[in-house]
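A.B. asks: Chain A is fixed; fit chain B onto it per the hints.
Here the protein sequences come in this chain order: A and B. For reference, each letter of the first sequence is one residue, going 166 to 399 in this note's numbering. For reference, each letter of the second sequence is one residue, going 288 to 707 in this note's numbering.
Keep in mind the hints are simulated off the structure, nothing from the lab. Please note: incorrect hints may appear among the correct ones.
Cβ-Cβ distance ranges computed for the label pairs, FRET-style [what the hints assert, rightly or not]:
(1) A:ALA365 to B:ARG647: 31 to 39 Å
(2) A:ALA365 to B:PRO572: 49 to 57 Å
(3) A:LEU356 to B:HIS553: 50 to 58 Å
We put the beta carbon where it would ideally sit given N, CA and C, even for glycine.
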Amino acid sequence: MWDQVGQALKLSTTKMLSQLAALLPGIVALVFAVLVAVLIALVVSAILRRSLAGFEFDRRVAEWGFPAVAEWSPSSSPTLLVTRAIAWIVILMGFLVGISAFDGALPSQFVVRLFTYLPDVAAAIVVLVAGSIIARFLARSVLIGAVNMNLQYARLLSVGVKWLVTVLAVTIAIERLGIGGGIIRLAFGILFGGIVLALALAVGLGSKDLVSRSLERETSKAAAPNMKEPVGHL
Amino acid sequence: MELDAISQPELEQIERAGSADLVIGIFDLERQEDGSSAATITREALAEFATPLRAIVVSNNGTHSPAVAAPEVAGDNHSPIVSSYSLPLPGSAETPQQSISNAYRQVFAIGSKLGVRACGVIASRDHNVTRQWIYRLVQPVMDLGFDLVAPCYTRQKMEGLLNRNVLSPLHRALYGEQLENPMGPDFGLSGKLLQQILGRDSARRAGTELNILASISSAAASGGFQVCETQLGVRTQRPTDWGNLSTLLSEVLGATFIDMEGRAAHWQSIRGSKILPRFGSPETPSSDTGTVDVHGMIESFQLGTQNLQDVWGLILPPTTLLELKRLSRLPEDKFRIPDHLWVRIIYDFALGHHLRTISRDHLLRSITPLYLGWIASYALEMQTAGLAEVDARIERLSKAYEDNKSYLVSRWRWPDRFNP
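Just chain A, same shape as in the assembly (with noise of 0.2 Å):
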């Protein structure tokens, strides 16, 4: 009997060895993958860098209107933001490769499921890009046609503006990312009505000295004519 079960203990080692020699080229060849992928992300980070700086990425970043980027960014500076990003991206498709080296039929769907997902996650990144620009534009004409206008509410109306689109286009993506369903519709419905209720309670209830003091102001400019007004631009 002894003989039997030191048998069994035998094959059950020899067995789960073989099947770890079986699944060691692939663990090699995930580790050799990813060290590849370091050195690539390592080298891709370190030219584009330099690129980058060359080309005063910080500054223009800012210029162009995204000055945001610069507090999101690790030591405020974008251009590590960005490289930090495409190296970490490097590494992500090393480890995919290396992944896929398994002969298992499951890491490969995985790999495959996740390579399908991408162009909806690249889709969802230009939404928010676009939103996230379209915002601060209509939130600048709003905030500047509205100080032009003398309203004393021109920053609450240009800051509710720019949630709006916000939300908008965040909604968008993640619907475009297939996160929540029919859940996030509702939420943007309730948070999309949340927020034109909120500003028209704000204008109209909590602000209405304001607003009141607002028209007085456009109604009596309104009669400016009939006075005698000598002042004239051109």
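C.D. replies: Below, chain B without anything else, positioned relative to chain A:
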């Protein structure tokens, strides 16, 4: 050659109607005048010349027809011959500035087609326009060989503020010529200058609609043309449209900055300024009865300072922003914007426009609270001043524009390196 302002067949019809020595444009964008009376005034004005002249009068009296009306002639052979032509009415979407600019283009196109020796354009409201205006604008070109005759008007101290505080001193500092009204709107031009402006205009208009009025004086100054001024008397101003002030500023300053950008190579080397010949004697303005309410203007300035720091921060250097913040806290009676600060603000906005630091429309509209602040400061300072003091004040401001020109040139050449 720029001839698309009027269709080619119409221009050919105008050309067939006969040659002309000069073209006179008389526009009234608010009250359309009877076309024949424009021709009559012109005929009376041209009768003052020693030699009989042939002229075509272009107006926008709403009776547009592709054909040129038959010339009005007096009985004898020594009288001028005046034909008239009515332009199509301006589009409803056009602003007054765009309408004047387009009307100018159409008159220039006709003048260019006919190869006229001189061109006179009157874009002020008609009831002040007399034959004297036409004669004074055209005579220095026809008899004395000048290429550009710019207008001088009799004004109250709070009239023509954009001209006095920005356009005139800026033109003086950039091009070295002391012109009171570089953007007219009433001008006399030689055929040579007209051809030069049209040529440049058609070359630059490909991508952008320019206000041609902004480039008339600068074209004359840059091209070495002979420029003079003539006294035209009182010019009735349109009532101030406070609701559209930012549109007016955006149109006028936008056109000026675009023109300035195109002539940067020329104006960077100019230092100082010269007084130009001036014809006619100035009229004494009627007594100034109105008072200016500066309270609203200062409030607009303070609101801008509170809310537009992010926008101005992209255009103005930190020292200017600090100074503006300090000014916004001053009580009304002590509110004064120093000349050097105002001049540098204008120069920084011109530079921001050139560098496209932010959207050009945003940049130009965001200057409105600053302009109102400056006007309030000027009005407070000039409250009890007489006309001589106003002239001295404007001269001081113009000198400040000249003195700070090195700041503009340095920032224009090295915007990254030179940022105080």
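A.B. asks: Hint by hint, note whether the structure agrees.
C.D. replies: Evaluation of the provided hints:
1. A:ALA365 to B:ARG647: 31 to 39 Å: Once the Cβ atoms are compared, 33 Å apart, the range 31 to 39 Å for ARG647 (chain B) and ALA365 (chain A) holds.
2. A:ALA365 to B:PRO572: 49 to 57 Å: Given about 51 Å between the Cβ atoms, the range holds.
3. A:LEU356 to B:HIS553: 50 to 58 Å: Once the Cβ atoms are compared, 56 Å apart, the range 50 to 58 Å for HIS553 (chain B) and LEU356 (chain A) holds.
Violated hints for the displayed structure: none, as all numbered hints are satisfied.
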